[in-house]
Every structure is written in C-alpha cells, then in structure tokens.
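Undergrad: Each chain, written out:
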Amino acid sequence: MSHYESPIREPLVLGDKTYHDITEDIVKPIEGKANKNWYIAFYISLAAMLWGFGCIFYTVGTGIGVWGLNKNIGWAWDITNFVWWVGIGHAGTLISAVLLLFRQKWRMAINRSAEAMTIFAVFQAGLFPIIHMGRPWNAYWVLPLPNQFGSLWVNFNSPLLWDVFAISTYLSVSLVFWWTGLLPDFAMIRDRAVKPFQKKIYALLSFGWSGRAKDWQRFEEVSLVLAGLATPLVLSVHTIVSMDFATSINPGWHSTIFPPYFVAGAIFSGFAMVQTLLGIMRKVTNLEDYITRMHIEYMNIVIILTGGIVAVAYATEFFIAWYTGSPYENYTYLSVGAATGPYAWAFYSLLFFNILTPQLLWFKKIRRSFMWTFVISIAINIGMWFERFDIIAIVLSKGHLPSTWWRFEPTFVDVGIFIGTIGFFFVLFLLYARTFPVIAQAEVKTILKSSGEFYKKRSEQGIPTKPAIVLLNNDTMEINPDNNKKE
Amino acid sequence: MYQFSGKLKMLSFALIIFGAIGIGVGFLSTPGSVDDVKEMLSQESSQEDGHESTNQDASVNDHNESTKVIGLDHGDAVHGEHDDEHAEHVYHQLKNRPWSAVYVSLFFFLGISLLVLAFYASQRVAQSAWSVVLFRVMEAITANLVPTSIIMVLVILSASVFHWNHMFVWMTEGTFDPTSENYDAIVDGKSWWINATGWTIRGIVYLAIWNAYRWYIRKNSIAEDTANDNNKTYKKNYNVSVGFLFLFMVTETLMSWDWIMGLDPHWFSTLFGWYILSSLLVSALTVIAFVTIYLRSQGALPGVNDSHVHDLAKFMFGFSIFWTYLWFSQFMLIWYADIPEETTYFVARFEEYKVPFLAMVVMNFVFPVLLLLNSDYKSIPWFIVIGGVVILGGHYIDIFVMVMPATVGGQWYFGFPEIGAVLFFLGIFIYTVFSSFAKANPIPKGNPFLKESEQFHYYNIEHRGESSGDHH
Numbered sequence: 000m001s002h003y004e005s006p007i008r009e010p011l012v013l014g015d016k017t018y019h020d021i022t023e024d025i026v027k028p029i030e031g032k033a034n035k036n037w038y039i040a041f042y043i044s045l046a047a048m049l050w051g052f053g054c055i056f057y058t059v060g061t062g063i064g065v066w067g068l069n070k071n072i073g074w075a076w077d078i079t080n081f082v083w084w085v086g087i088g089h090a091g092t093l094i095s096a097v098l099l100l101f102r103q104k105w106r107m108a109i110n111r112s113a114e115a116m117t118i119f120a121v122f123q124a125g126l127f128p129i130i131h132m133g134r135p136w137n138a139y140w141v142l143p144l145p146n147q148f149g150s151l152w153v154n155f156n157s158p159l160l161w162d163v164f165a166i167s168t169y170l171s172v173s174l175v176f177w178w179t180g181l182l183p184d185f186a187m188i189r190d191r192a193v194k195p196f197q198k199k200i201y202a203l204l205s206f207g208w209s210g211r212a213k214d215w216q217r218f219e220e221v222s223l224v225l226a227g228l229a230t231p232l233v234l235s236v237h238t239i240v241s242m243d244f245a246t247s248i249n250p251g252w253h254s255t256i257f258p259p260y261f262v263a264g265a266i267f268s269g270f271a272m273v274q275t276l277l278g279i280m281r282k283v284t285n286l287e288d289y290i291t292r293m294h295i296e297y298m299n300i301v302i303i304l305t306g307g308i309v310a311v312a313y314a315t316e317f318f319i320a321w322y323t324g325s326p327y328e329n330y331t332y333l334s335v336g337a338a339t340g341p342y343a344w345a346f347y348s349l350l351f352f353n354i355l356t357p358q359l360l361w362f363k364k365i366r367r368s369f370m371w372t373f374v375i376s377i378a379i380n381i382g383m384w385f386e387r388f389d390i391i392a393i394v395l396s397k398g399h400l401p402s403t404w405w406r407f408e409p410t411f412v413d414v415g416i417f418i419g420t421i422g423f424f425f426v427l428f429l430l431y432a433r434t435f436p437v438i439a440q441a442e443v444k445t446i447l448k449s450s451g452e453f454y455k456k457r458s459e460q461g462i463p464t465k466p467a468i469v470l471l472n473n474d475t476m477e478i479n480p481d482n483n484k485k486e
Numbered sequence: 000m001y002q003f004s005g006k007l008k009m010l011s012f013a014l015i016i017f018g019a020i021g022i023g024v025g026f027l028s029t030p031g032s033v034d035d036v037k038e039m040l041s042q043e044s045s046q047e048d049g050h051e052s053t054n055q056d057a058s059v060n061d062h063n064e065s066t067k068v069i070g071l072d073h074g075d076a077v078h079g080e081h082d083d084e085h086a087e088h089v090y091h092q093l094k095n096r097p098w099s100a101v102y103v104s105l106f107f108f109l110g111i112s113l114l115v116l117a118f119y120a121s122q123r124v125a126q127s128a129w130s131v132v133l134f135r136v137m138e139a140i141t142a143n144l145v146p147t148s149i150i151m152v153l154v155i156l157s158a159s160v161f162h163w164n165h166m167f168v169w170m171t172e173g174t175f176d177p178t179s180e181n182y183d184a185i186v187d188g189k190s191w192w193i194n195a196t197g198w199t200i201r202g203i204v205y206l207a208i209w210n211a212y213r214w215y216i217r218k219n220s221i222a223e224d225t226a227n228d229n230n231k232t233y234k235k236n237y238n239v240s241v242g243f244l245f246l247f248m249v250t251e252t253l254m255s256w257d258w259i260m261g262l263d264p265h266w267f268s269t270l271f272g273w274y275i276l277s278s279l280l281v282s283a284l285t286v287i288a289f290v291t292i293y294l295r296s297q298g299a300l301p302g303v304n305d306s307h308v309h310d311l312a313k314f315m316f317g318f319s320i321f322w323t324y325l326w327f328s329q330f331m332l333i334w335y336a337d338i339p340e341e342t343t344y345f346v347a348r349f350e351e352y353k354v355p356f357l358a359m360v361v362m363n364f365v366f367p368v369l370l371l372l373n374s375d376y377k378s379i380p381w382f383i384v385i386g387g388v389v390i391l392g393g394h395y396i397d398i399f400v401m402v403m404p405a406t407v408g409g410q411w412y413f414g415f416p417e418i419g420a421v422l423f424f425l426g427i428f429i430y431t432v433f434s435s436f437a438k439a440n441p442i443p444k445g446n447p448f449l450k451e452s453e454q455f456h457y458y459n460i461e462h463r464g465e466s467s468g469d470h471h
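Those sequence lines, one after another, are chains H and R.
Count the first sequence with numbering that gives the first Met the number 0 and you get residues 0 to 486, in order.
Count the second sequence with numbering that gives the first Met the number 0 and you get residues 0 to 471, in order.
Any given hint might turn out to be false.
Keeping only pairs whose Cα atoms sit at most 25 Å apart, straight-line, the calculated SDA-like set for lysine to any residue is [unchecked claim]:
1) R:Lys235 x H:Gln358
2) R:Lys235 x H:Pro6
3) H:Lys444 x H:Arg102
4) H:Lys363 x R:Val241
5) H:Lys213 x R:Asn373
6) R:Lys235 x H:Glu296
7) R:Lys231 x H:Glu452
8) H:Lys448 x H:Asp190
Keep in mind the hints are simulated off the structure, nothing from the lab.
Owing to the predicted nature of the structure, the values given are computational and were not obtained by experimental measurement.
Given the sequences, and given the hints that come with them, work out the whole structure.
TA: Dropping the structure here:
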C-alpha cells in the first residue's frame, strides 16, 4: 500500500505524535483513576437504570396494562424505543464495516467507541421485545426448539420472528467484530500493566495476542471478511425491523420504501448519537488530537447525506400517500391528516428536529463547530425518536374503522422504562470508557506516518518519512534516527 | 491523446443504421387498423382451438378497461361486442410495441449515462482518489446523455403533445372527462400530478438540470487540467457536484415516477424511485468497467492498473446485491400484504412475463454474486466482461419488464424493433463516448488526488501482465 497522501487532505492525527505517544494517550484513562465527574455521571446513570429496572419488574409483575397502551394502539413507547435503540446501534457497524470497505481512514479514531455504542444500544433494544410481551416467561417459545408439544414450531412468516434472528445475529457478529479488533489493544494494555490483577485480566481478554506477521495477516483478512458480512447484515437488520411495519396492511405502515428508509434513518440517528458521545468523550479523555474537528465534520457530512435521504423518503411518503388516491392514506404519519390532527405536534416536531435542524450542517462553520454539532446531534436524536413514535402511534391511532380511533397517553411506567434504558446504556458506556481502549491504537498507528500532522508536514517539505536504512562502516544496520523521533 | 479509430467509427455507424432499420421494420409491421387485428385474431383462434389469451387484463392499466371489468376472459369468444373490444385492445398494444421497444432502450441508455454522471459527481464529492484516473472515462460516457436527452425530449413531445403513441394510458383522450367512456376516476383524482402539461415540463426540466451539470463539469474538469490556481477550480467543481447530487436525488425520484411508474397510473410503490436508481447504478458501473477495460487494452489509459479495475468490479458486485435487496424488498412487501391494487402489478408480470421476470433475478443477482465474489477474479478482464454482459442484459430485462406489461401487455416478444433499438442506441453510445474521450487528455492532470490515484494499489491484488514500470 502506498504511503503517499495528497497534501490537500487534512491530517487525522494532530500534533507531534510518536507511536509511543498514541499508546500513552489511549491507556491514560484505563491506567488512571476516575475523577469526581465520572462518579457523578455514573451514579446518575445507575439511579436511572435501577429506576427503569423497577418499572420493568412492576410491568412484568402486574401486567402490560400498567402501560399506556390500549386495545387499538398495542405498540407505542415499547416498540418506538426498540426501533430507536436498534437504529442508534447501526452507526457503529456502519463506521467499522462500511467505512472499512470504503477505505475511510478517519474511521480509525471513532470505530471502537461507535462499536461499543452499537453493542450497548442493542442491549437496550433487546430488552423491549421481551418486556413488551404479555407472558415474557414464555419468550423462549420463539425459538425453533424440538419440544414435547409434538415438536410444535414457530411460524417463520412473521417479521417479529425475523427480528429475533436479526437482532441476535447482529449482536453476536458485532460483538465478535469488536472483540477481534480489541485483541491487539488489550495485549498492549496487558504488556504495560504493573498490577498483577490488571495484568491477569487483560491477559485473559487479549487471548494471548502476540502480534506476529502471520497473525496480523489473518487479522486483516478476518476484519475484511467480517466487514463484508456486517455490511449486508446492518442493512438487513434494520430492514427486518422495518418489515414489522411494512408487511402489515395498515395505511402508513404498508410502504415499500421502509426498508432502505429505515436503514438511512438508522445511520442518521446512529451518527448523531456518536457525535453526542464523542463530543463529550474527546474532551474528558483528552483525545482531542485523535478525534479532531475533521472527524466531527466528516460525521456531520454523513449526517447531512443520510438526513437528505430520509428527507427524500418523507417527501415520497407524503406524496405517494396522496398519489394512491386511497382515503385511508390521508391519516398516515406523514400526510395532510397527520399535520392537522391531534398528533400534529408530533408531526411538526419530527419535521423540525429531523429535517430543518440538520440543514444547518450545510454551513461549514456550523458543521466544524463542536458546540453546534453537539446541539444538532441531540436534536436529531429527539427527532428520530419522534419519527418512530409518529410511524407507530399516529398510524395506529386512526385505523380503517372510525370506531377504533383512539389516542395514546404514556404512563410513568412507559417513560420510566425508557429512562431506565438510557441509564443502563450510560452505565455500560461509562464503564467501557474506563476499562477499554476507546481508540483502536493498532489502527491509528498504521496511519500515523501518512496522515499524522507532523509527518504530513515533513513529507510536504520533502523529508522522507519512511525509515531509511543506513549502512554504517562496521556493517551494522541502524535506523535513521532522524525519522524515528523519541524512539 | 486517444484516437477514435475509423474501424470503431464504422462499427458505430453500422449499428445505428442496422438499428434504425430494425426499428423501421417494427413500425412498418404494426397492423394498420382494428380490422387487421380482428382478422389476425380469428386466424389465430382457428389455428389453436380454445386459444387461451395470455392477455389477462390483470394489469390495472389496460387502456381504461380496468374501471369496467378486471379479469376478462378473452378465450371465451362468444360475445361479438366483447371481440371488438378485445381486437381494439390488441390493436393498441401492437401499435405500442415499436414505441415501447425504443423507449426501453432509450431509458436504459439515458439512465446509464445519468447514473455514470451521478457516480462521477459522488466521486468528486467523496474526494475519492482511486477513481481520479477514470474521471475522463466517466466524463466521456456522460457525453451520451446529450443525444439520449434529445431523443427523450422528442419522445416526450410526441407522446404528450402530438399523441403519436399510446404508451401512457392516461394520455388517452377523455381520461379526465367524466362524460367520456374513457373516463378514469382514479387517474382523474391525480390530475394535479398526472397531466400532460406538467409531465412534459417536468421531463424537460429534469433533462435540463442533468445536461447543465454535465456540460459545466466537463468544461471545468478540462479547465482544471491547466488551471494551476491553488485548487480553486477543483473546489468549485466540488461545490457544483454537491449541488448536483442534491438535485439528482430529487429529480431521479420524480423522473422514475413520471417516466416508468406513470405507465401504470393506478399502481404505486414508495420504493420505486430508488429501485430504478439501483438498477441503473449497477448498469452504469458495469459500463464504466467495460469502457475502462477496452480503453486500457488500447493503451489509452496509462494510469489505470488492476487495482482500479478491481474496485470497479467490487462496485458491480456490491451494487448487484443492493439492487437485489431493493427488488426483493419491493416484491416481498407487496406479495406479503397482498393488497389487490398493488398486487396486480406483479400478477401481470408474473403471468405474462414469467421467464424474463425470473431470469432477471438470476442474471442480476445469482450470477454476478457467484462470479465476482472471488477477489482474484475481480481484476481479470474477461471475468468482468462475462459478468458485466449478464448484468447489463439482466438490467435491460428489468426495464423491459417494467415497461412492456403496461404498454404491450401480452403482445410482447423480442424481435426486430427491440433488437434494433438496442443496436441503435449502442451505436450512438459508441460514437459519442469515444469521440468525446478523444477530445480531452485522458489523464486529469490538475486534480489534487491524481498522484494518489496513480499510485493506488489495493493490497491483495496481484497485478498480472503489468511490468513493474506500469505502476509506481
């Protein structure tokens, strides 16, 4: 692979970094102690999580009736949150798999955390299919296991069953992909650890990685194959989630655009969540040299692109709802009826948070501003929640029969469980940030000499950045010290 | 500089002439009147007793009959009146055939040029380096957008203003007139969108936007070569490409509703615009690969190595799967919910076009996936050519199966007008593309990523047949 990089490209690693500096910067949060702010954030998250668990136990113990659902609106916050969390999870795989296939080097500073986010978000998503069941203790019946009911099996025609396979496969593949990438980094921490307990733990986690040439060769091939598999997986998972709605005959749900549109929305919301998290993380873990303004800008560009795709899909939904000529389509989630009905506030929130606000990112000043990015990313997270809520609740609130028209009001349990999942997510993420290498150091080290600021400047000045081998008089070889500063 | 060889020029002229003859034969062999059709039909039914017409009228767009009866059994030739109606119906379909044959090929070639343009814009916007040495190839292919657009304007005008053909059912006189027997209440309900004036203006606007960008970017891309203005021209091209991609996304969706979905005005699918996009995109990538492989074999592309070809083949592979994903999503969701007004679309296609309908899935998915999965194969030209021919054939059939059931129904076959139209547009394609390629430096010298592109080397590709001097 060529090491040449066009001078027009902005550096991806700022400052005068060496390989050793990268290591030091990344292990600092793991080897150091948590500060007060971390504990405050952790306890708040923990409290939210415990509150959420309380609500879940209350639901399971008492019955689904403690939620705000009614006999017409059988899905509301539960599935909204499910789809929202699954959607958020998609950015991680997109960053590590799709951007790998497209050889985007800027992914290297963010893929680890994005994947962690994926896994923790899928955990949250995975709660909802179980807890929204009336009889969650029979949940294992969804699995096609031989049994004593004359081998009574599941019906493979339901998208809810496809969900089971999609989400569980997605979680397992993401986990394996993530962990494979972590091996060299865990090994690095293991090799530096001074406390025996810590050494033991990281020795276990790193599976005896020793970094030989053959290992690296296989490692790269595995990463590529997994990226090739994860890309169709990430598309199909959210497609299957979208089919929970699109296979139905409800106006507003039955729409063929749902599969790609949900995927685009997932990338949109997922990137927004990555922005929210990394915006804070780069600051508190002092990783500003790795997660640079450039990274934030690139992610914002992906957000504009996917937001644009989502906007085209909205326009399509709106137009085709009219174009069908079917009177039932007049009250789908994006139609004239929805814009004037009792859920108009949800309709306009969707447009405001999801379509209008992200348009600010067209301005270079705004998409390169950390503050603005943070604000807009929060807006998108809200907007994408509304998108799912609108699709689900507005459509169900006015079905084919006027006698079934109903409205949905959430109860404190609905809200409590959602808050609980947010708490749970942050508990996991905060623990992750203190124990895992949040940047894939092995990957970042591969681009240091082509995309690092220091080396880019040198190559522009014509100073060689590849280690030149100098033969000395006594026939010993020495690496040209000029090219290996500090090492 | 590349020289457009006399041989190739001859070939393109020959294709245009033979193609035009084929199309002409198609037009001449259409029946002159309804009576001719009646005679033909009576001969047919005497030849095969109990002739089961394939013309199930399941398709909702069958010349306004759908508002009356769906599922007429034409095999039952007892009622005279019924026979007359049937004959008139077949007459229109037969009249439509040469028009539709031209339309399918025209849309296919126009769409490919458009998607090459969009892909090219995306490569500029993504600041991708690998494809820079292919920029001139892509620009040359987009030259075909000009003649196809002109022919498209003629088709638009002849269909809407002069009413020379019946491809779009809703253009039949009386469709919007409640007193007419051709009145179609459903289409009338959409007259805000489906009307000849709006349709014509919109079509011309889409073509104008695409051609304007093509003209501008081609001019400025050549200007980039000698600009030496600290990348100012390059940045301008970048910004214009961003704007174009935005407009493209919108116009492509609208175009597919107007030009293809509008052929079945009772039917709708929200996915449709993106489905057309995927079909044209994979064809466009295949065409880029073909032209690249050909020009490289002529020694006209010094900067292109096996890695570039490998990347093109990867795109062909990836977007073949993407097409399948959208095809399946659309088909499966409609099949699953089975709502009558949507299902008719596939019923008509499945009953009357079973072979092309199913063959297309094999050609567009199974074959390329099996052929191009192997990394080594993706840089071997003849593998790509075999895969690409099947992909292009498959996507031609895809368009064919979208257009024909709506216009000619059961009266389809693949003969003179269809083959003629393909040859005709292929001839125009070869002529415009290679003469355009000969007009500019094959290497975009001023692009700031050119050096990256020339040094581009995908790590697991063994560069066959290239001496070490060929890549640096």
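Undergrad: Provide an ascending list of the numbers of those earlier hints which the structure does not satisfy.
TA: Nothing - there is no hint that the structure violates, so all of them hold.
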